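Student: Sequence:
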Amino acid sequence: RRFAQPMPLLPLRRARVCSDHLGGEIAAELYQRLLEAGWIERHEKRIEVTSRGVALFAERGIYIPALAQRKRETVCACPKWNDHSPHLGGALGAGLLQLFIQMGWLRTTEESSTLQVSSSGQREINRIAAAA
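The opening residue of the sequence shown carries number -9 in our numbering; numbering runs sequentially from there.
Check each hint, because a few of them may be wrong.
[Stated by the list, open to error] Derived lysine to any residue pairs resembling SDA-like cross-links, with alpha carbons at most 20 Å apart:
#1 K61 x D10
#2 K61 x C8
#3 K35 x C66
[Said to hold, decoys possible] Pairwise CB distance ranges (calculated):
#4 S9 x T40: 19 to 27 Å
#5 E31 x S102: 31 to 39 Å
#6 S41 x T99: 35 to 43 Å
Quick caveat, the hints were computed from the structure, so don't treat them as lab data.
Please read these numbers as outputs of a predicted model, since none were measured by experiment.
Glycine included, C-beta positions come from ideal geometry on N, C-alpha and C.
When you get a sec, could you build the whole thing from the sequences and use the hints?
Tutor: Laid out in structure tokens, this is it:
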């Protein structure tokens, strides 16, 4: 008797919508680059966008002061699903997801939370906060 093999989780693991922000490996990698490049800082119980990050996000059309006026956290480390590393949540995480979809770097799929990453999207997202 043969059993159907489970569908691979690779696309879901790579990029997905987590609540209202970008999740998956691509998001965890971006979070780590933002930390290492000094765009965000991790404090004991919170994440904060640095003045460098405020300026560099603004160059990309993400205005942190406007996000900070919303009735939610500006930025947080989201540990959801079964990621081994956190990714950006809060208003900043949601804003980045919207920007990446508008730029055509990510596309929603029929599977509710899986996102398709275009080759140009992979390249451009990898450039954000990349070491010079």
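Student: A separate judgement is required for each hint: does it hold in the structure or not?
Tutor: Status of each hint after checking the structure:
Taking the CA atoms of K61 and D10, the gap is about 15 Å. The hint holds against a cut of 20 Å. Among the hinted pairs, K61 with C8 is consistent with the structure: their alpha-carbon atoms are about 19 Å apart, no more than 20 Å. The hinted pair formed by K35 and C66 meets the criterion: a straight-line CA distance of about 9 Å does not exceed 20 Å. Look at S9 against T40: about 24 Å separates their beta carbons, and that is inside 19 to 27 Å.
Between E31 and S102 the Cβ separation comes to about 33 Å, which falls inside the hinted range of 31 to 39 Å. A C-beta distance of roughly 37 Å is found between S41 and T99, which places it inside the suggested range of 35 to 43 Å.
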